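Visitor: Take a look at the letters that make up each chain.
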Amino acid sequence: MATLYTVLTDFTQWLMDLIAAILDWTKLGILSDLGDWLQSAPVVDFVTTLLVAVIYLITVMMFALCFIWQERKFLGRFMDRRGTQVGVLGFFQNFADGIKVVLKEHIVPKDSDHALFEMAIFTYLASTFMLFGCIPFSDNFYVIDVNLAVLLGIAIFAFGPFSILVGGWASNNKYTLIGGMRAAAQLIALEIPLLLCVVSVVVLTGDLSFVGIVAWQEENIWLIFPLCIGALTFFIAAIGESERIPFDLPEAEAELVEGWATEYGDIRWGLQMASDYFRAYILCALFTMLFLGGWAGPEFIWAEAWFLAKTFIVFFFFIWVRAATVRIRTDQILKLGWRRLLPLAVINLLIAVALKVAEVF
Amino acid sequence: MTDEMWINMGPQHPFNHGLWNLRVKLKGETITAAEPIIGYLHRGWEKMVENRAYPQIVPLADRLCYGSSLSWNHLYCLTAERLFGVEAPDRAKYIRVAALEMQRITSHLTWLMAVGTDLGSYTIMTWSIRERELFLDLLCKLSGARMTYNYCRIGGVRNDLPENYERDVNRTLDEFDRRLRDLEALMDENEPFLMRTLGIGKMDGRTAMNLGLTGPILRASGVDMDLRKLDPYEAYADMKFEVCTHTDGDVYARYRVRMDEMRESMKIIRQALAEAPAGPVRVKVPRCPPKGNVVCRVEDPRGESLMYMVSDGTERPYRLKVRSPNFVNLSASPPMLVGFKISDVPAIMGVMDMCIGETDR
Amino acid sequence: MSQVIVYDKPDRSEEEVASAIRAKFPSVELLKVAPRRLHFRAPRESLFELCKFMRDELAFEHASCVTPVDYLDHFTVVYHISSWTDHILAEVQVDLPRDDPTVDSIAPLWGGANWHEREAYDLMGIVFKGHPDLRRIMLPEEFRFHPLRKDFIVGRRV
Amino acid sequence: MRIEERTYTKADHLRPTGYVLKSLIVTFKGLVRATKNRPCTVLYPWERLVYPDNYRGRPGIVLERCIGCARCARDCPNRCIEMVEVELPAGGKAKRPQVNVGRCMMCGNCAETCPVNAMIVTPEFELCSYSRADLIFDPVKLQYPHKPGYEVNYEFALLSEMKKGGEVRTYAKNDPNVHDNVVLDAPKCISCSRCAKTCPAGAIEMAETGELNPKTKKPIKRPKFDTTKCVVCEQCIEVCPKSALSIKEVL
Numbered sequence: 118m119a120t121l122y123t124v125l126t127d128f129t130q131w132l133m134d135l136i137a138a139i140l141d142w143t144k145l146g147i148l149s150d151l152g153d154w155l156q157s158a159p160v161v162d163f164v165t166t167l168l169v170a171v172i173y174l175i176t177v178m179m180f181a182l183c184f185i186w187q188e189r190k191f192l193g194r195f196m197d198r199r200g201t202q203v204g205v206l207g208f209f210q211n212f213a214d215g216i217k218v219v220l221k222e223h224i225v226p227k228d229s230d231h232a233l234f235e236m237a238i239f240t241y242l243a244s245t246f247m248l249f250g251c252i253p254f255s256d257n258f259y260v261i262d263v264n265l266a267v268l269l270g271i272a273i274f275a276f277g278p279f280s281i282l283v284g285g286w287a288s289n290n291k292y293t294l295i296g297g298m299r300a301a302a303q304l305i306a307l308e309i310p311l312l313l314c315v316v317s318v319v320v321l322t323g324d325l326s327f328v329g330i331v332a333w334q335e336e337n338i339w340l341i342f343p344l345c346i347g348a349l350t351f352f353i354a355a356i357g358e359s360e361r362i363p364f365d366l367p368e369a370e371a372e373l374v375e376g377w378a379t380e381y382g383d384i385r386w387g388l389q390m391a392s393d394y395f396r397a398y399i400l401c402a403l404f405t406m407l408f409l410g411g412w413a414g415p416e417f418i419w420a421e422a423w424f425l426a427k428t429f430i431v432f433f434f435f436i437w438v439r440a441a442t443v444r445i446r447t448d449q450i451l452k453l454g455w456r457r458l459l460p461l462a463v464i465n466l467l468i469a470v471a472l473k474v475a476e477v478f
Numbered sequence: 148m149t150d151e152m153w154i155n156m157g158p159q160h161p162f163n164h165g166l167w168n169l170r171v172k173l174k175g176e177t178i179t180a181a182e183p184i185i186g187y188l189h190r191g192w193e194k195m196v197e198n199r200a201y202p203q204i205v206p207l208a209d210r211l212c213y214g215s216s217l218s219w220n221h222l223y224c225l226t227a228e229r230l231f232g233v234e235a236p237d238r239a240k241y242i243r244v245a246a247l248e249m250q251r252i253t254s255h256l257t258w259l260m261a262v263g264t265d266l267g268s269y270t271i272m273t274w275s276i277r278e279r280e281l282f283l284d285l286l287c288k289l290s291g292a293r294m295t296y297n298y299c300r301i302g303g304v305r306n307d308l309p310e311n312y313e314r315d316v317n318r319t320l321d322e323f324d325r326r327l328r329d330l331e332a333l334m335d336e337n338e339p340f341l342m343r344t345l346g347i348g349k350m351d352g353r354t355a356m357n358l359g360l361t362g363p364i365l366r367a368s369g370v371d372m373d374l375r376k377l378d379p380y381e382a383y384a385d386m387k388f389e390v391c392t393h394t395d396g397d398v399y400a401r402y403r404v405r406m407d408e409m410r411e412s413m414k415i416i417r418q419a420l421a422e423a424p425a426g427p428v429r430v431k432v433p434r435c436p437p438k439g440n441v442v443c444r445v446e447d448p449r450g451e452s453l454m455y456m457v458s459d460g461t462e463r464p465y466r467l468k469v470r471s472p473n474f475v476n477l478s479a480s481p482p483m484l485v486g487f488k489i490s491d492v493p494a495i496m497g498v499m500d501m502c503i504g505e506t507d508r
Numbered sequence: 005m006s007q008v009i010v011y012d013k014p015d016r017s018e019e020e021v022a023s024a025i026r027a028k029f030p031s032v033e034l035l036k037v038a039p040r041r042l043h044f045r046a047p048r049e050s051l052f053e054l055c056k057f058m059r060d061e062l063a064f065e066h067a068s069c070v071t072p073v074d075y076l077d078h079f080t081v082v083y084h085i086s087s088w089t090d091h092i093l094a095e096v097q098v099d100l101p102r103d104d105p106t107v108d109s110i111a112p113l114w115g116g117a118n119w120h121e122r123e124a125y126d127l128m129g130i131v132f133k134g135h136p137d138l139r140r141i142m143l144p145e146e147f148r149f150h151p152l153r154k155d156f157i158v159g160r161r162v
Numbered sequence: 020m021r022i023e024e025r026t027y028t029k030a031d032h033l034r035p036t037g038y039v040l041k042s043l044i045v046t047f048k049g050l051v052r053a054t055k056n057r058p059c060t061v062l063y064p065w066e067r068l069v070y071p072d073n074y075r076g077r078p079g080i081v082l083e084r085c086i087g088c089a090r091c092a093r094d095c096p097n098r099c100i101e102m103v104e105v106e107l108p109a110g111g112k113a114k115r116p117q118v119n120v121g122r123c124m125m126c127g128n129c130a131e132t133c134p135v136n137a138m139i140v141t142p143e144f145e146l147c148s149y150s151r152a153d154l155i156f157d158p159v160k161l162q163y164p165h166k167p168g169y170e171v172n173y174e175f176a177l178l179s180e181m182k183k184g185g186e187v188r189t190y191a192k193n194d195p196n197v198h199d200n201v202v203l204d205a206p207k208c209i210s211c212s213r214c215a216k217t218c219p220a221g222a223i224e225m226a227e228t229g230e231l232n233p234k235t236k237k238p239i240k241r242p243k244f245d246t247t248k249c250v251v252c253e254q255c256i257e258v259c260p261k262s263a264l265s266i267k268e269v270l
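Chains as they are written, first to last, in the working numbering: chain Y, 118 to 478; chain B, 148 to 508; chain C, 5 to 162; chain A, 20 to 270.
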């Protein structure tokens, strides 16, 4: 973070001095006070963080959108067909979808609840973008390094089902109502095992910030080896959280047409689909940082490249599971979540505590 | 607590293949009543047929059910032959048996595609379509068309086997045997698939018989009734194969019966092509049949299909009634659906191999 | 261990079944006996008893098809009832006068015939007494004609 | 009918091992196979599937061979063939078939009944057009470069020979002397010689029979049929005012 941050602080400092100089030139009292205020440290700090956040968001969205390309290509090859053919090797497909979605007309169902109908999508999207903030690429490229980053991430992540439920209810359509209820039940059922796995990692590493966890893993051992049960439960719960095929019920095409987002037509539907993939990216990123040692890796390539490579590999496993299995029913998902994943997560917590007490690590 | 809600899994819905409507009464997620509504694809086939000459109806019989057009084509020609009092030459009988069994495998693979999409695994869909291409090429080499073959004629078949056809067929069958094992690995050895199909849509043998079910669905409920053995026609009497049955009567049993039937069909094809005697393949048939009526029934990939033909001595049939197996299987679907969840509907109806062309005629 | 019903060898021959039916129902006329086929002509009144007898005593498990035929001066409803145990397909013809085409329904005996009778009512206008819900199955409810009748001219504005 | 105790025994390898492990292995093998050599899908406009010679696309015609017998028009199930006047390269006008390809269901019956193999089955199936009128192919547009694979020939056996048993000969589709023949019912004929004029194959010619017409004292002429040229198109039967001609089928 040092290089990017210092560069940007010098830049904003130079910018603020320039503005202050201009304001002084006008010789008006108030404006020169404004100039001094601008040059003060907190304002400069705020503006640089803003700039870093914008840059960081753009890079993360570019990589998250590559997930869509990866899914189309690999799913195609699993099914013995070609993936997308739009543009070079299919890379232009995302922009083509984006342009198509932007051009579509915004239709609001007749007697649906307009305010909630609009609000659902933006809260869904906002919670996803906030999550980007607290996930670092490597120890010197991140927006903020909060020492409670893990807690913050999981908390914001739990906000998703709320907006799905509201979106499903507000669209005034039987199918979306069922889809919304299913999504809420499924995400809550799979949230608990997810948290327990994260807790077991935190117990072992004793640190709540991602940078600390990765640093710990660099010295000792990647956490996937001692906590392999935890890694497996986290992986399965992550598939459920990002609503992918084995746990695809909320937007199961077979019965509920498109699930809770049936009535959204234009950019709102596009953003909803994109944020599904962003959430998948976040879960893969969490998995790499908690279990695969984040950006730890031999020096010959950058730390960020290591982090991205591992995230893409984890997403490859997501696609692989999608290609191989069949969608299962809602009550089976809940049964799986409460009866299979929860005990496994608890066992994993016991292992972590045992390892901690025995000071193995 | 939740009052009952009628849901129209309407004429245009991702899960139903073909135009038909399933009105389902839901109490929460479980189905309390179901009512299939058909008639959206009613083309008035039986009225149309009454003002065409006998040889002109042969290509029309193909269009009854586009999934297994050769079996309808053959049923019409067999009924007309019995009406005319003509017997197809022996070589034609063996070729017909081989072509019918290839059509049965193609129809079962189309059904497998429908099951794949309904249960959410698109790999099953694309792989079964890829396997189906093998047989479409064979039938295209034999008859000249890929789906509506127009291959049988009243009094034999259109043309003899192309040169070294038997070698191509045997090579395809060996290749298909390997690929069928891959397909089964995707389904039988896949726990979510078993979760979605075991114990769903149960129906025991007695009620199935009373409700008029025939074909693989009846055999899955433990009734060993196959018209190829019970009422042998063409050259089935001297084909050595056994009837595949299952005892549970649920969705998995129906799937299992069809997969075994594909293997039996492969055996029959090999026998038929090996034992086909030399000789003519087609007999010249008079224009006008004697007055009278005739009934003929055949084992269609979906069940017992029957044709009743009345002639008044002119060159046009006076009345031609078609009994389609799917028409009756669909009428017996409500008892299968009641008591199960709405996300089971695609599994139950998908395995029933709906073909709306023959249901509505 | 669960049970499978197997139909490999017929229990009775065609003649036995034919003679059993003629003994019980003198009014039923036997038209033809062929290998695995029986052809009867039954009067309208004794149809339901005949079918009940065939189902209960003679093990005819499956009503294959119900076919209405319009012979201009009268209707004929042809029932195809198959017995898997004896490998027989019995064809029962019932003649109905053209002015009141009503006959007893066999849907209570075999559930399979339910939709066939609804289709016969829908396309040919034959009323089946005792049918659970006799409605049109293929054509819209407000369609007033029965298209399969010979007096229905194709292509006329309906 | 007997009740049998039977338990369904699956092949031993059909048991789920490791929840979804076997499916994962199989799909991964599929992935490797599809990336190593090309996936089996065909990129349609650039790559095309190879169709066998007898593939049935739209019907085509070889105008030189067509004699205008209209058997294809009679046998088409969808009634999409009409006979229309067309300029012959050799001069004069004649009726040739015009196919409404929009209605055609590509069943190949017209090529099958054509006695002179003028109607052929072409492998062309890309027939989209901007208006329905474009889909009505007049005889000139219907033409297609001829290849022997496109003709539809078949051999048939005769019913009588089949019933007699013994050695059964098969006859080609357009065998000149094994086909239904036209029979004249002499008293009805008023020798108007319309059938001789309409016969496309030139198989009928009016021949004088011995008697004289009592009123006009001129020799009576009756149509005489040359069965080798006749193509059983039944145009003479339709055109005969006294319906004196009928078909005697050869079985």
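Keep in mind that the hints were calculated from the coordinates and are not lab data.
Here the structure is a predicted model, which means the values were calculated and not measured.
Treat the hints with caution; some may be incorrect.
Cβ pair distances, simulated, as ranges [to be verified]:
1) Cys59/A to Glu310/B: 23 to 29 angstroms
2) Leu220/Y to Arg353/B: 45 to 51 angstroms
3) Pro39/C to Ile22/A: 56 to 62 angstroms
Computed from the model, here is a short list of chain B residues facing chain Y with C-beta under 8 angstroms [what the hints assert, rightly or not]:
4) Gly157
5) Gln159
6) His164
7) Asn168
8) Leu266
9) Tyr269
10) Thr270
11) Arg277
12) Arg279
13) Leu281
14) Cys287
15) Phe340
16) Met342
17) Pro482
18) Val485
19) Lys488
Among the chain C residues that face chain B by a calculated CB cut under 8 angstroms, a handful are [unchecked claim]:
20) Val8
21) Tyr11
22) Ala63
23) His78
24) His91
25) Trp119
26) His150
27) Leu152
28) Asp155
C-beta atoms are modelled at their ideal positions from N, C-alpha and C, and glycine is treated no differently.
Visitor: For every hint, state whether the structure bears it out.
Guide: Hints, one by one, checked against the model:
Under the hint 23 to 29 angstroms, the C-beta atoms of Cys59/A and Glu310/B, about 26 angstroms apart, fit the expected range. Between Leu220/Y and Arg353/B the beta carbon distance is about 59 angstroms. The supplied range of 45 to 51 angstroms is therefore violated. For Pro39/C and Ile22/A, the hinted distance range of 56 to 62 angstroms is not satisfied, since their beta carbons lie about 26 angstroms from each other. Violation of the interface hint for Gly157/B is found here, the shortest Cβ-Cβ separation to chain Y being roughly 10 angstroms, above the 8 angstroms cut-off.
Taking 8 angstroms as the C-beta cut-off, the interface hint given for Gln159/B is violated, the closest approach to chain Y being about 10 angstroms. Violation of the interface hint for His164/B is found here, the shortest Cβ-Cβ separation to chain Y being roughly 11 angstroms, above the 8 angstroms cut-off. Taken as an interface hint, Asn168/B does not check out: its beta carbon lies about 15 angstroms from the nearest beta carbon of chain Y, beyond 8 angstroms. Restraint check, Leu266/B versus chain Y: the minimum CB separation of about 4 angstroms is within 8 angstroms; hint holds.
A least Cβ separation of about 6 angstroms between Tyr269/B and chain Y falls short of the 8 angstroms threshold, and the interface hint therefore holds. With a least beta-carbon distance of about 5 angstroms to chain Y, the hint placing Thr270/B at the interface is held under the 8 angstroms criterion. Checking Arg277/B against chain Y: minimum C-beta separation of about 6 angstroms stays under 8 angstroms; hint holds. Among the interface hints, the one on Arg279/B is violated; its C-beta lies about 13 angstroms from the nearest C-beta in chain Y, farther than the 8 angstroms criterion.
With 8 angstroms as the threshold, the beta carbon of Leu281/B stays out of range of chain Y, its nearest partner Cβ sitting at about 13 angstroms, so the hint is violated. With its C-beta approaching chain Y no nearer than about 21 angstroms, Cys287/B sits outside the 8 angstroms limit, and its interface hint is violated. Taking 8 angstroms as the C-beta cut-off, the interface hint given for Phe340/B holds, the closest approach to chain Y being about 5 angstroms. Annotation: Met342/B was flagged as interfacial toward chain Y, and the flag holds, the nearest CB pair being 5 angstroms apart, inside 8 angstroms.
For the restraint placing Pro482/B at the interface with chain Y, the shortest Cβ-Cβ distance is roughly 20 angstroms, beyond the 8 angstroms limit, so the hint is violated. Checking Val485/B against chain Y: minimum C-beta separation of about 17 angstroms lies over 8 angstroms; hint violated. At a threshold of 8 angstroms, the smallest CB-CB gap from Lys488/B to chain Y is about 6 angstroms, leaving the interface hint in force. Given the 8 angstroms rule on beta carbons, the hint for Val8/C holds: about 5 angstroms separates it from the nearest Cβ of chain B.
Using the Cβ-Cβ criterion of 8 angstroms, the hint placing Tyr11/C at the interface with chain B is satisfied: the shortest such distance is roughly 6 angstroms. Hint status for Ala63/C relative to chain B: violated, with the closest Cβ pair at about 11 angstroms, above 8 angstroms. Taking 8 angstroms as the C-beta contact cut-off toward chain B, the hint placing His78/C at the interface is violated, the least distance being around 14 angstroms. Checking His91/C against chain B by beta carbon gives a least distance of about 5 angstroms; that is within 8 angstroms, so the hint holds.
Hint status for Trp119/C: holds, given a least beta-carbon distance of 4 angstroms to chain B, under 8 angstroms. Interface hint at His150/C: violated, since its Cβ lies 11 angstroms from the closest Cβ of chain B, which is beyond the 8 angstroms cut-off. At a threshold of 8 angstroms, the smallest CB-CB gap from Leu152/C to chain B is about 6 angstroms, leaving the interface hint in force. Against a cut-off of 8 angstroms between C-beta atoms, the interface hint on Asp155/C is violated, since the closest Cβ of chain B lies about 12 angstroms away.
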